[in-house]
Every structure is written in C-alpha cells, then in structure tokens.
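For the protein sequence lines, the chains are A and B, in the order given. What the first sequence shows, in this note's numbering, is residues 1 to 267, in sequence order. What the second sequence shows, in this note's numbering, is residues 1 to 245, in sequence order.
Rather than coming from a laboratory, the hints here were simulated on the basis of the structure. Computed from a predicted model, the values in this text were never measured in an experiment. Careful, some of the hints might be misleading.
Footprint (simulated), chain B over chain A, 3 or more residues, beta carbon under 8 Å [what the hints assert, rightly or not]:
| hint | segment |
| --- | --- |
| 1 | 15-26 |
| 2 | 43-56 |
| 3 | 59-65 |
| 4 | 80-88 |
| 5 | 127-134 |
| 6 | 159-167 |
Backbone N, C-alpha and C fix where the C-beta goes; we use that ideal spot for every residue, glycine too.
Here's the letter readout for the chains.
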Amino acid sequence: MPDPKGPPPAGVTAERQMRRLTRRGFITGGAAALAGLGAWRWLATATPEDGVPWPLRRVLRWNESLAESLGSPHGLAPTFPSNAARGPARTNGLIGLDNDVDSTRWRLRVQHESRGEKTIRLQDVLALPRHDLATEFKCVEGWNEVMHFSGVRFVDFATRFGLATRSGRAPDPLGNPKDLYRYVYLATPDEDYYVGLDMASALHPQTLLCDAMNGHPLSRQHGAPLRLYLAVKYGYKSLKRIGIIRFQDQRPADYWAARGYDWYAGL
Amino acid sequence: MIESARPPAVGGQSGANVEEDDVNRLDKKHPRAIRWMHWINVPVLTIMIWSGLLIYWANDVYDLGLGGITLVHFFPDWFYRGLGLEHGLALGMAYHFTFMWFFAVNGLGYVLYTAVSGEWRHLLPNRRTPREAWLVVLHDLRIYKGPLPQAKFNGAQRIAYTGVILMGAGSLVTGLAIYKPAQLGWLTGLLGGYEWARAEHFALTIGYVLFFVVHIAQVVRAGWNNFRAMVTGYELVPAKEADHA
Chain A
1 MPDPKGPPPA GVTAERQMRR LTRRGFITGG AAALAGLGAW RWLATATPED GVPWPLRRVL
61 RWNESLAESL GSPHGLAPTF PSNAARGPAR TNGLIGLDND VDSTRWRLRV QHESRGEKTI
121 RLQDVLALPR HDLATEFKCV EGWNEVMHFS GVRFVDFATR FGLATRSGRA PDPLGNPKDL
181 YRYVYLATPD EDYYVGLDMA SALHPQTLLC DAMNGHPLSR QHGAPLRLYL AVKYGYKSLK
241 RIGIIRFQDQ RPADYWAARG YDWYAGL
Chain B
1 MIESARPPAV GGQSGANVEE DDVNRLDKKH PRAIRWMHWI NVPVLTIMIW SGLLIYWAND
61 VYDLGLGGIT LVHFFPDWFY RGLGLEHGLA LGMAYHFTFM WFFAVNGLGY VLYTAVSGEW
121 RHLLPNRRTP REAWLVVLHD LRIYKGPLPQ AKFNGAQRIA YTGVILMGAG SLVTGLAIYK
181 PAQLGWLTGL LGGYEWARAE HFALTIGYVL FFVVHIAQVV RAGWNNFRAM VTGYELVPAK
241 EADHA
C-alpha cells in the first residue's frame, strides 16, 4: 500500500500497485458480500417465533423495552376537539363479534391468576366517572382517523373493583408496584379475539372502557356493549365486545402477535 | 452530474510537476471508513425499502396527479405482484424495525466520521458550489464545453451527497414520528401530523430511488477507474491529467 505521506507512486509502479489494490479490494468486498448473503439467508430462514424469524422477534422485544424505559406509560397521546371526529367511525376487523349479544344479560368476567372469578354488570362499570377522549386512532395497516370515544377509564374501573392487584386493593403503580400483576389479557366472550397488554398501558389515563363512539352508542361492529380503547397502541389492541379480563404475570397470548405482529404495538 | 469523469484540468494547475505529467499516478481518494459505510448502505437500504413496501402495500393511498387526474398510482398491482409485496405487513414491520438500527447507526457513523476526519470539507457545499454545480449540469448536457474546476467532488456532487445525507436524516426523523406518534407526539406535530409524516417518509424513499438512478448512471458514465476507487480507495490519475487534489 502506498505511503500516504510520501510522494504518490507513479508510472509502472503505480499501475502495479493499482492491480494489487484492486485484487485485494475486490476479494475483501466479495467476501463481505458473501458473508452478508449468508447472514441474510440465516436470518430469513431462522425458526419463526410467533410468525416471524426469531431474531426479528428478539429485536421487537428489545425495541419494546427501550420504548418502555423512555417513559411510554406516562406520556399522553395528542388529543383533538370532539367535533374533529366526523361521521361514522371506520370499522375493521369483526373477529369474535359473530353472535348477537344481549347487553342486559351481559356480564364482564374478571379473573386473577390466583383468585376466583368475579362478574361485573355493565351498569356497574358505567356508573364510574365518564370521560371523553378524541384522539387519532391508528391502524397498523397505515390509516388513521380522529375518533371520539366515551366511557370510563380502565384505571378507575380497576380501582373501584380492586382489580389488577394480588392483594385485592386498588392498584398503586408508584407506591406499591409489586402488588400489581404484570399483564392483562382481554378477550371477546367466545375468545375468538384476544389481546395482551402490559399493565402500564392498561392503567394509562387514555385507556378507556367505552360504550359510545363519535357521539353514538356502540354499534355491534364497533364492539357493543363494551369495548376497549387505548390511545397508546395500534388499533388491533383495542378489543371490541369485552367478555373476559384476566390479570396475570405471564405475558398473555395476543391474536395478531401470534400472526407475526409486534406484541407490544406501542405508539 | 454526480460522478463526472474528469475533463482536462484548468490551465496552470497541471504544470507544477513536469516530470510526473507523462506517467500515471496513484492517488488516495476515499478513506476506508467511508467506503465501508457506503457499501453497507446497499443491503441496508434495499432491505429498508423492500420492507417499507411490504408495509405500504397495506394502505397504498398515494397518487401523483395533476388537476384531479391521476398520473401515477403508487403502486400498480403488477408492481406488487411482480415483487411479491402482497400480504407481508407483519413481516415487513419486523424487518423494518430491526434494520432501522443498522440504517441509523451507519448513517450517524458516517456523519460523525466525516465531521471528525475533516472529509466534510470535500462534501459540504460552499459558496462556489451553486455556480460550479450549474456548470457541471451544462457540461453533462453537453451544452458547456469549457474546463471544469478540479476537486475531489464537484459542486453537483457536493449538493447531491449532502442532500442525500439530509434525506437520510429526514427518513430517520419522519420514521420516528410515525413509529411513535404518541410518545413523540411533539415531533409528529412538528412534521404536520401523522398523515403528513407518513407521506414525507414515503416521498423521501422515492427520492432515494431517484438519487440511485442518477448515481448509477453517473458511475457508469464516469467509468471503471472511478468505480474502482470506491472499492480500493485509490484512483489511477491518468498522465497529463494529474491534479493536486
């Protein structure tokens, strides 16, 4: 290799050196390209974990812990005036909504990993303080729409009924975080559609149990009689027609995460 | 315009080393770090654009039109079918949110390296750049036949190579804004909201593709010696054209 400080080689010496450099450069480059192709083949054919090659799943988990450590549970998603939501909200996904549901006889089944099941009536949920939230609903497909959700906060619901904790006391994420279960599992009554949530997102102040959207009572397609809405997740986490809520320490199954999507889905 | 072959040097510059003028000379051109980062971009950008298309397919709403008439729809069905881009949203997101790290680290590494090594002096536009870039364009269109100023990168190259780095930074920023529009809501807002940020992210990608087309055309035009310099780091400066860059 020519000495960068000395005078540049010239004439025949230069041409000979150039040939040597060319050989070396292309051999190194070719080897690097082959190594890259090998790495690509390895990655693309790695054993799938929940629908995607396991190294990608690992990175998604790592992105998740990074996002969590940067403070997702506390930040609020931007809000809009209620009248920014116009017309009927777009629908997408009707899994678990096949049969008709009678809201007078509908009961929410709430379970804790090491406690018995508790059932809660719709009117008892809706007796909690009401909240309105107009935010941009974001679908993982790439579209978004300002929607206006009305209902009660999930955190108020958990507080009122002593849910999400081992002790049965109201959740206290700051004072007594160990008392909280780590995850929440929610499903339609037939469990055809189900989502898993980290506790911080479930207790986020913009996480609602809703009975109305865009100023109208929930339609069947939007998840009557009671649906979930999270402003800090892609739409596929906002379960419609809640039938079961379970608090647990094991990371819950999730309908779309099992089909290759990010489990965390945090915005 | 991007990789102009060197035309005869401006008079007066080449006469200094009379005894070396009639032989070829070996000149250091691209530092090793820049060559590696340049080539790493090839697979990384390919994977980012491919996985981005897998994602975009799920909501392919962009058109290019004029006065209500759609000229180009991004993208026609044959395009998706031909490249196998259908029904790959989940996989596309998994790849995109993995390889974004390589894209970001490689890009930041490049910016840091050029800043610390002083290579930025060859790359950033300066006050002579606009005129020079215009001359290069005229030269490449065979309108201007006069001599061009001699330097490692001409004005058009300075604009193109600085521009594409700014585009990379733009992709990073608009990408973050649509990846975390709640956590980074202020950033998304700054970019005009979620929909605008998504459109900007897409437009930048189209920009890369256009850059790539011109870049390849110019590399082909500039020839083997120029291409080889991006592999070996050295350029054989032909007899009588040696300058002192």
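Each hint tested on the structure:
no.	hint	in the structure
1	15-26	holds (count 8)
2	43-56	holds (count 5)
3	59-65	holds (count 3)
4	80-88	violated (count 0)
5	127-134	violated (count 0)
6	159-167	violated (count 0)
Comparing the model with each numbered hint stated earlier shows that hints 4, 5, 6 do not hold.
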